[in-house]
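K.L.:
What follows is each chain in one-letter form.
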Amino acid sequence: MAEPLRYRDLARPSLVDTTVVDDGSAGRLQALANTFKSFESAAAGLGGQLAATRGAREGAAAGASGNPALKSDLRAATSKYAAAYNNAATRSYLVQAEADLEDTAARLEQEAGTNAAGFQQSFGKVRQETLKAAPSQLRDMLDEMFVKRQGSALARIGAAAVQEQKDIARKDTQEGVMRSVDRIANMRASDDPAQLAAAEEEDIKLTLLIDSAVVDGTLSAAEGEVAHINAQRAVVKQTVVARFKRELDNPYGNPLKFIERLREMNKTSEALPPDEEEKLNDALLSELRERNALASMGAEQIRAERQQRYNDGNRTATAALLAGTLKQSDLLKMVEDDQIDPDTARTLQNELSSGNSVQKSDPRALMTAEVNLLEVDEKDILTNPNLSYADKSRLILKRREDEQGWRGSIPGREAVDRIDRSLGLVPGSIMNAALSDIDRTKRDRAMTEFYNEVQALPPEERETKAIAVAEQVITKVIKDTTQQKVNEMRARREQVLRAAAGKDLKGAAKKEFDDQIANLDKRIQQAEQAAK
Amino acid sequence: MAVAAPIMAWAAANAGTIALASAGATLAAGGLSFVAQRNAGIAQANQMKAQAAREGDAARQREIERKRTLLRALSQQSANAGAAGVTMSGSLVAAARTDIRDAATDLLVDRSNTRSQVNGLTAAARNARRQGNLQAVGSLFDTGVRVAGMM
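Protein sequence lines correspond, in order, to chains A and B. In the working numbering, each residue's number is its place in the first sequence (first place is 1) plus 969. In the working numbering, each residue's number is its place in the second sequence (first place is 1) plus 2.
Each hint should be verified, as a subset may be incorrect.
[As the list claims (entries may be wrong)] Here are some chain B residues pointing at chain A (derived, C-beta under 7 Å):
| # | residue |
| --- | --- |
| 1 | W12 |
| 2 | N16 |
| 3 | T19 |
| 4 | A21 |
| 5 | S24 |
| 6 | D59 |
| 7 | R68 |
| 8 | D112 |
| 9 | N129 |
| 10 | Q133 |
| 11 | T145 |
Hint data in this document are derived by calculation from the structure and do not stem from the laboratory. For each residue, glycine too, the CB sits at the ideal point set by N, CA and C.
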């Protein structure tokens, strides 16, 4: 029997599949990890930016405070906060340091002026102290700033020193030229031949002085040329002025003729340009005016001295006349010695020769003179025919005394003037013969009251209260005067009424009577209003 | 330079508008990227599912073939015994039993292999979809960060 067919002959055995099917979990988890990585990166970036912002803010504040306290290089390399802090602190510190450096350097530069060594020393000291206090990381940068600033400052100081030296040299040259010009002008103004020869030598020196200034660079060539021209013009001008002064000093000189001659000469001369000629003429006229003013001042002084002398002489002679000791020969000598005003001398001579004086003064004239002592002068009292010598003497002495007291003061005189004005009088017109007796009496009464009131005050208050007292007197006098007028008009009205009583007035007579009464009523009313 | 100057001036004058337009474009592109990443994951998942289905079909086909082969072997054995005038007993029955056991074993092994492959592919499909979603979310996050950086 043949071998039967077996299953294994037809089918190979199934083996367990050991291959692993990729189920994608690795990819999924990787994707998940990537997502978280993204989250982490974003969060880290945000955190880093926040830290950098905070670092920049704090660094800027620390740098501005002058003590940046920089973070270490390792921290700056690994931390955004530290890196930003260091950057901001460095920047802020350097900005602040540069500003301070600029201020300090400017101050030291100004203090040093043109002293370069002094600036170098003081600036070096500041530099040393600043670098010593600065953070070590920033010293190089700071030092570089100092070196640059010092270099620029030294360059400026050097230039200023050169300029100063040049200015001094220019000033010296100008002064030398001016002195030389003065000397030449003075010598040329002289008529002495030796002086004229010396002027020529001085002129050569002047030329050499300007030329040497051009050679050593003090003046440029153009400036030297201008200096030559100006010096020669100045010599001409000063020579002319010096000669003009001599003309002024000469008693027989004619300054105006001198100026005219100069103008004529200038028409043909080219020594000075027209504008310079004009200036020269102005200078000469100004000199002339100055001389005239001085002469006028001298004359005024002489006049014042003579007036003072006359015043003293007048007083002395008047006192002698009143004392009865004045002689005609004394008067003559005083006139010859110019010790007395000739008018006063004539008046005194007339008094001496005429014996124009009464034995007893007129009481009315005496009162008027007494209350108006300061309104008249001594001459008026002396020549008053109604006063005796004794009263004249007393009044004049009293007047002199009053002049020294409150009555002679400005408030005292003003008070009197006010009283005059309130009475409708021209101040100072009391001795005017045209003044009516009524006005004179009214004024005398007001003045008496005024003087009595002031004299009742303590001496130290009289001057200050004089005007106030005068105002009170004025009010009282005006009121009294007005009331007096009212009374007078009322009396007049009564008189008119009495005259018309019992009469049968008609026609024109009646009209005249009515007008008169109406007029009086109106005036009474106005006066009463004024009195209020 | 003559042409660039007015353009630069216009850009400087409209810097705010340009920044807003850029942010809008970035946002739109980020949205498109999100959708594309998600769709890619879904497509890959569908592909894995189809492969798992094909693996199942192939396993069933192999099972049919094995059963057919076993029947053929048993039929041959039965035919040989009938021709020889012997009954199916003793060693013949033992041989048949062995063949049947071998076939059953093969079937079990194949089924196990197939189940393993189908499970793996199913899991791969699920993971592919999740991976796509994660990548889409990551893309969207990046877009957000970029847009935030423009503001």
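K.L.:
Give a verdict on every hint.
P.N.:
Against the structure, the hints:
1. W12: 31 Å, violated
2. N16: Where the cut-off is 7 Å and the nearest Cβ of chain A is about 27 Å from N16/B, the hint is violated.
3. T19: With a minimum Cβ separation of about 26 Å from chain A (threshold 7 Å), the hint on T19/B is violated.
4. A21: With a closest approach of 18 Å, the A21/B hint is violated.
5. S24: With a closest approach of 19 Å, the S24/B hint is violated.
6. D59: 17 Å, violated
7. R68: 6 Å, holds
8. D112: Holds - the Cβ of D112/B comes within 7 Å of chain A, reaching about 5 Å at its closest.
9. N129: Holds - the Cβ of N129/B comes within 7 Å of chain A, reaching about 3 Å at its closest.
10. Q133: 4 Å, holds
11. T145: With Cβ-Cβ at 11 Å, over 7 Å, it is violated.
The earlier numbered hints that this structure contradicts are 1, 2, 3, 4, 5, 6, 11.
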